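As you go down the protein sequences, you meet chains A and B in turn. With our numbering applied, the first sequence corresponds to residues 1257 to 1357, in that order. With our numbering applied, the second sequence corresponds to residues 4 to 166, in that order.
Heads up, none of these hints are tricks.
If you want the footprint, here are the derived chain B segments under chain A, 3+ residues with CB under 8 angstroms:
1. 12 to 25
2. 48 to 56
3. 69 to 75
So these bits of chain A aren't anywhere near chain B, every CB distance computed over 10 angstroms:
4. Ser1345
5. Asp1347
6. Leu1351
What the hints contain is simulated information worked out from the structure, not anything from laboratory work. Bear in mind the structure is a predicted one, so any value in this text is a computation, not a measurement. Using N, Cα and C, we set each Cβ at its ideal position, and we do this for glycine too.
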Amino acid sequence: MIFGYFIAFGFALFAIGAVGVAASRHFIIMMLAVEIALTAAIVVAAADFVYSGSTGNVIGLLFTLWSVASAEIMGMVAIYRYMIAHGISMDVRQLARLRDW
Amino acid sequence: MPVLFEIVFIALAILSVGGALLVFRAREMSHAMIGFLAVAVSGAGLMAVLGLPLLSLLQLFIMVGGISTYLFVGVSSENLSRFRHTSLPLLVALAVLLSAVPVYRIISIGPVGTTAPSALGSASLSSLVSSNIALFYMLAVLLFGIGLASIIVMKEARKGARS
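The following block holds chain B by itself, in its conformation from the complex:
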């Protein structure tokens, strides 16, 4: 469907350029970060449109999950380290619990698909992403969204306290 392809491409291109312009026009640093996030996500979408699902996922993992998260935490919350912000026992307990559930499921089911794609461009998303890996990815996206939302809420609360 070439028309659908062009529509999706144009939508992703507009998202990307709009996000890039938001980076330079935003007054708040967190809004500039969201603009960069839009550029990275649209880049991943364009790679999916090209038929490269693995590279699209890698783009999401690295640029969105890695770089954007690091930018948000390191730049948008410069006062974060001046108080005890993380309960270490709670962190360890939740991490063990969160990793034990999907790992137990994987161990009890057995090895998932053994067919390896011969070339990156010929792999389909369903063959690369099994239900277990999709669970990990879904959890990662959910945690990223929670982290992002908490930073935005914290910024808004700080702004409200100042005014």
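Excised from the complex, chain A in its bound form:
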């Protein structure tokens, strides 16, 4: 039953992050939504490791998730600073140049 709490919470938080990516127009908010989804994945992975009675090690998987989150943040902040320096709008709808085809 307690494991069910963690699964429900994890999927709820992941859903908030995933919907946030689709619903948000701001570049940085979309990035934070992805980070929220990754945090949810980390919590679910840790809960599954504890409640499944696994004899292995979950730290490799968690380091992978942390590395993905860190790399994404580093890349996105660099792009954000470039966009700010060149006066590019943060509204992703204005960046959708595929519509002009």
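Place chain B on chain A using the hints.
Only chain B this time, still in chain A's reference frame:
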């Protein structure tokens, strides 16, 4: 204590979901960052509740101390690089002094606990965090808090100067 466990879990879950919603509802970028910070901290708390103190500390170090700090500095203060904002001699002097004090203490005392935990899930927080490591962590949390507070104060001052 299953009831206490559920109460703590519900409190952390509310903090996490509230922080996630704050990310999307906040008008200020720094407030959205604080919302994400709440999500990361509650994730670390949930891992501590699961009985994984090392992973909880790693979550704090990486998501809060690393990613959130980088986000605050890189996003919330985009004008920071347009002036000489750091005194290099002062930075080097303070870093040497701040690292020399706990390192001297560690060297003078000798090696701390030698018992290594056999599995991550069975380690207790007291066995993993000795008094010396706790000092480092306390200093890191204090510095993070100072950095965060200074960015917020700077933003408020800039807002006051504009109005």
